Amino acid sequence: GNSVTQMEGPVTLSEEAFLTINCTYTATGYPSLFWYVQYPGEGLQLLLKATKADDKGSNKGFEATYRKETTSFHLEKGSVQVSDSAVYFCARTNAGGTSYGKLTFGQGTILTVHP
Amino acid sequence: DVKVTQSSRYLVKRTGEKVFLECVQDMDHENMFWYRQDPGLGLRLIYFSYDVKMKEKGDIPEGYSVSREKKERFSLILESASTNQTSMYLCASSATGGGNTIYFGEGSWLTVV
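Taken in sequence, the protein lines are chains A and B. Heads up: the first sequence begins at 1 in this note's numbering, then just goes up one per residue. Heads up: the second sequence begins at 1 in this note's numbering, then just goes up one per residue.
Misleading hints may appear alongside valid ones.
Stated by the list, open to error - Over 12 Å on every C-beta distance to chain A, these chain B residues come out as not near it, computed from the model:
#, residue
1, Leu11
2, Lys18
3, Phe20
4, Lys53
5, Tyr64
6, Glu69
7, Ile77
8, Leu78
9, Ser82
10, Thr86
11, Glu106
12, Val112
What the hints assert, rightly or not - Partial selection, computed: residues in chain A whose CB lies under 10 Å from chain B:
#, residue
13, Val4
14, Ala17
15, Phe18
16, Ser32
17, Leu44
18, Gln45
19, Leu46
20, Lys49
21, Thr93
22, Gly101
23, Thr104
24, Phe105
25, Gln107
Hints are computed from structural coordinates only; laboratory data are not their basis. In this text, all values refer to a predicted model and were calculated from it rather than measured experimentally. For each residue, glycine too, the CB sits at the ideal point set by N, CA and C.
Please model the entire structure based on the sequences and the hints provided.
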């Protein structure tokens, strides 16, 4: 099936700390993988994506590498800022020939960064 | 700049009322989606549409219907609102093709009392 499992939150860090949010997916098909971010009171925005194995997506200092062997797409950032406080969602495209771009999302991880 | 616009940010409705949530995109996208977002459950797909007048059920369609009369507009309808439909509703759109980015609106907070 199509499922995504994210690290449970909430995650609380001090500014400049290293961030990892784990994400694993079921290995059905050859999905594209995404991280979306939701800032308070807003909708979801694409943070980064990777469309094939070993691709690395990166944006705003965040990175994630598509690891087919471990079916993972962990999100990392070397030095977080208070402005990174948000909810982070991992997602995959659905398997199947006519998925129409549907995504399956993880449950979301709340990140709070303190000064 | 891409834009998905949801007509209402905050609504309060009574149990049993019919509720319409409207969504418009200006990117000429073929695909449009309605998700609901609940704490601890992430986003769950209610319905999606891959063309005008075409629709398919998502993972949790019960209690909802949709309408897509024009390419740019996708409406979510709650025929008879219930308290367990209190949630954040997110509309999204994407172009057809593998791995294409889905763009989201800002969301509509619906409270059913």
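**Status of the stated non-contact between lysine 53(B) and chain A (beta carbon gap over 12 Å)** = Holds, since 15 Å exceeds 12 Å.
**Asked** Would the hint on lysine 49(A) stand, with a C-beta cut-off of 10 Å toward chain B?
**Response** holds, 7 Å
**Message:** Less than 10 Å between beta-carbons is the criterion; does serine 32(A) satisfy it with respect to chain B?
**Reply:** holds, 4 Å
**Prompt:** Does the interface hint hold: is threonine 93(A) within less than 10 Å of chain B, judged Cβ to Cβ?
**Reply:** This hint holds: threonine 93(A) lies near chain B, its Cβ roughly 6 Å from the closest one there, short of 10 Å.
**Item:** Proposed interface contact between threonine 104(A) and chain B, which counts if any beta carbon pair is under 10 Å
**Value:** At about 8 Å, which falls below the 10 Å cut-off, the nearest Cβ of chain B leaves the hint on threonine 104(A) intact, so it holds.
**Asked** How about phenylalanine 18(A): closest beta carbon in chain B under 10 Å, or not?
**Response** The hint is violated - phenylalanine 18(A) has no Cβ within 10 Å of chain B, the shortest such distance being about 25 Å.
**Request:** Over 12 Å to the closest beta carbon of chain A is the bar; see if leucine 78(B) clears it.
**Result:** holds, 20 Å
**Message:** Let's test the interface hint: is any C-beta of chain B closer than 10 Å to that of alanine 17(A)?
**Reply:** At about 25 Å, which exceeds the 10 Å cut-off, the nearest Cβ of chain B leaves the hint on alanine 17(A) violated.
**Prompt:** Are glycine 101(A) and chain B close enough, Cβ to Cβ, to be under 10 Å, as the hint says?
**Reply:** This interface hint holds because 4 Å falls under the 10 Å limit.
**Prompt:** Close enough to count: is the Cβ of leucine 44(A) nearer than 10 Å to one in chain B?
**Reply:** Hint holds; leucine 44(A) Cβ to chain B Cβ min 4 Å, cut 10 Å.
**Asked** Hey, does phenylalanine 20(B) actually stay past 12 Å from chain A on C-beta?
**Response** Consistent with the label, phenylalanine 20(B) stays out of reach of chain A, its closest Cβ about 19 Å off (over 12 Å).
**Item:** Hint check, glutamine 107(A) versus chain B [nearest Cβ-Cβ separation less than 10 Å]
**Value:** holds, 4 Å
This entry does not satisfy hints 11, 14, 15, going by the numbered hints stated previously.
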